[in-house]
Structure formats: C-alpha cells, structure tokens
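> Protein chains in written order, with the numbering used here: chain A, 21 to 134; chain B, 2 to 114.
One or more hints might be untrue.
Quick look at which bits of chain A chain B covers, simulated, 3 or more residues with Cβ under 8 Å [unchecked claim]:
1. 54 to 67
2. 93 to 106
In silico DSSO-like cross-links for lysine-lysine, where the CA-CA straight-line distance does not exceed 27 Å [unchecked claim]:
3. B:Lys43 <-> B:Lys101
4. A:Lys60 <-> B:Lys43
5. A:Lys72 <-> B:Lys69
6. B:Lys106 <-> A:Lys56
7. A:Lys39 <-> B:Lys43
8. A:Lys61 <-> A:Lys39
9. B:Lys109 <-> A:Lys72
10. B:Lys101 <-> A:Lys56
11. A:Lys42 <-> B:Lys101
12. B:Lys69 <-> A:Lys61
13. A:Lys42 <-> B:Lys2
14. B:Lys106 <-> B:Lys2
15. A:Lys72 <-> B:Lys101
16. B:Lys106 <-> B:Lys43
17. A:Lys56 <-> B:Lys2
18. B:Lys101 <-> B:Lys69
19. A:Lys38 <-> A:Lys56
20. A:Lys39 <-> B:Lys69
21. B:Lys69 <-> B:Lys109
22. B:Lys2 <-> B:Lys109
23. B:Lys69 <-> B:Lys2
Some chain B residues judged to face chain A by a derived CB distance under 10 Å, without partners named [said to hold, decoys possible]:
24. Gln35
25. Ala80
26. Phe104
Honestly, the hints are just simulated from the structure, not real lab data. Note that the structure is a prediction, hence the values are computed from the model and not measured. The beta carbon of each residue, even a glycine, is placed where N, CA and C say it ideally should be.
The lines below spell out each chain.
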Amino acid sequence: ETGVTQTPRHLVMGMTNKKSLKCEQHLGHNAMYWYKQSAKKPLELMFVYNFKEQTENNSVPSRFSPECPNSSHLFLHLHTLQPEDSALYLCASRSGTSLGDTQYFGPGTRLTVL
Amino acid sequence: KQEVTQIPAALSVPEGENLVLNCSFTDSAIYNLQWFRQDPGKGLTSLLLIQSSQREQTSGRLNASLDKSSGRSTLYIAASQPGDSATYLCAGGTQGGSEKLVFGKGTKLTVNP
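Just chain A, with the same shape it has in the complex (with noise of 0.2 Å):
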C-alpha cells in the first residue's frame, strides 16, 4: 500500500454513459496528478494539480474533467467518451515540499468503454 487508492479499480462504461474516478491520498501531500496508462505507450501525464488549483492540463480532451476539492481527493469526471479512451488511469501525488520528491501512485482503475 503506498497511501493512495483509487475508486473504481475496474469500470466498463458505455460511450453515452458518465461516470467519475475517485483518488484519495493519506500522505498529507499537496500535489495530485492523473495519468492515462494504454498500451505499448508511455505514461500519458493529464493534469496537475498544487494545493486543490490546476497546474497543468497536458491537451487532455474535454470529455475528460478533473476536480480536487482538497488536497487529499482527486476526481476525474467522464462523459461521451470513445473506444480508444480505454486504459488504465493512475491517480499519484506527492508532497510538494521539495523539487527532487518522488510521486506516490495509486493502482490504477482499468476503464473499457464500449
């Protein structure tokens, strides 16, 4: 257990339906990201966000909509999402503290859209 869990760990959801992903993190840190895992390519990073304000969106299609209320929750809200937007989404965070600390990841909820 690294101190970060994720909700669901697996999700099928048509490409109509909405759906949320729930992270929540027990490490008092003040940074929180989500990346998208797919097949044979890299770590997608999608947003960052400091202390509950986001700091990053790396062109993630709005379809995809992020929220934190705390530093300790992350959400990542779906809705009309495609085929190809089936992957493993990983929730991480970290303290923030310190340019050189490392990121803490969650297990990930695997999400097959039909």
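Start from chain A and add chain B according to the hints.
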C-alpha cells in the same frame, strides 16, 4: 522536449543472473531520474531516485546510475529472483523537478525459476 527510451522492451533471464536495464533520455538538463516498478494491473512503486548532482543510488540488490553527459541511466539487478518479475519504468524529472515526469515505455522483466 524530453523523450525517454528504454531498451530492451522485454527481457527473460534465469534465476540468479545479474542483469542491466537501460534508459536513455534526449535532454541532458534533466532534474532527476527515477526508476519505478509496476506489477501487472497495478500502480507504480518508486525504486530509486537519482538527483542530477548524483551519479548513482543503491538499494539492496538494486543499483541505478546516471550519466547526464551521455543521456543514459542503467538499473542493475543483482542475483535476480522470480519475485523481481515486473515491468520497470524509467522517468526523467524536468526543470520542475519531480513535478512533471517523462516516462519511458518500460522493460518487462521475467525471471524464470
């Protein structure tokens, strides 16, 4: 733009063998270099982090080196065990430190009993 490449994509070795995983990066202005381990269907676990001012880091049977001038890092695993089987990912920290990491595609390691 930083790009990270890992070779080989997959590696299969017998138990007990010493092995080296390779990582190369295009921008020598790397802030730090990290090695992660990922088990199937799971998240990433940080193994070693090398700051740009360091040459290597060691943890147990693992040793990672960093050569900024040549744009290369290696992860050395001594006396490999079946439990070492996983995908190993290399990631470079950009000018923002560990704020933004650029990942390679990983090397899938299988250690056969």
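> With 10 Å as the cut and Cβ atoms as the points, is B:Gln35 at the interface with chain A?
With a minimum Cβ separation of about 6 Å from chain A (threshold 10 Å), the hint on B:Gln35 holds.
> Sort out whether A:Lys61 lies within 27 Å of B:Lys69, counting only the CA atoms.
24 Å, holds
> Are the Cα positions of B:Lys69 and B:Lys109 separated by 27 Å at most?
24 Å, holds
> Is B:Lys2 within 27 Å of B:Lys109, Cα to Cα?
Holds, at about 25 Å.
> Is B:Lys106 close enough to A:Lys56, meaning Cα to Cα at most 27 Å?
13 Å, holds
> State whether the coverage of the region 54 to 67 of chain A by chain B holds or is violated, taking the criterion as 3 or more residues with Cβ-Cβ distances under 8 Å.
This one holds; 5 residues, not fewer than the three required, reach chain B with a Cβ under 8 Å.
> With the threshold set at 27 Å, check whether the alpha-carbon distance from A:Lys56 to B:Lys2 stays at or below it.
19 Å, holds
> A:Lys61 and A:Lys39 were given as a pair; does the straight-line alpha-carbon distance stay at or below 27 Å?
Holds, at about 24 Å.
> Assess, step by step, whether the Cα of A:Lys38 is no farther than 27 Å from the Cα of A:Lys56, and give holds or violated.
Within the cut-off at roughly 18 Å; holds.
> Quick one, are A:Lys72 and B:Lys69 close enough, alpha carbons at most 27 Å?
34 Å, violated
> Taking 10 Å as the limit, does the beta-carbon of B:Ala80 come near enough to a beta-carbon in chain A?
Since chain A brings no Cβ nearer than about 25 Å to B:Ala80, farther than 10 Å, the hint is violated.
> Against the 27 Å threshold, does the CA-CA distance of B:Lys43 and B:Lys101 hold or violate the hint?
It holds: about 21 Å lies between the C-alpha atoms, which stays within 27 Å.
The structure does not agree with the numbered hints 2, 5, 9, 13, 20 and 25 stated previously, though it agrees with the rest.
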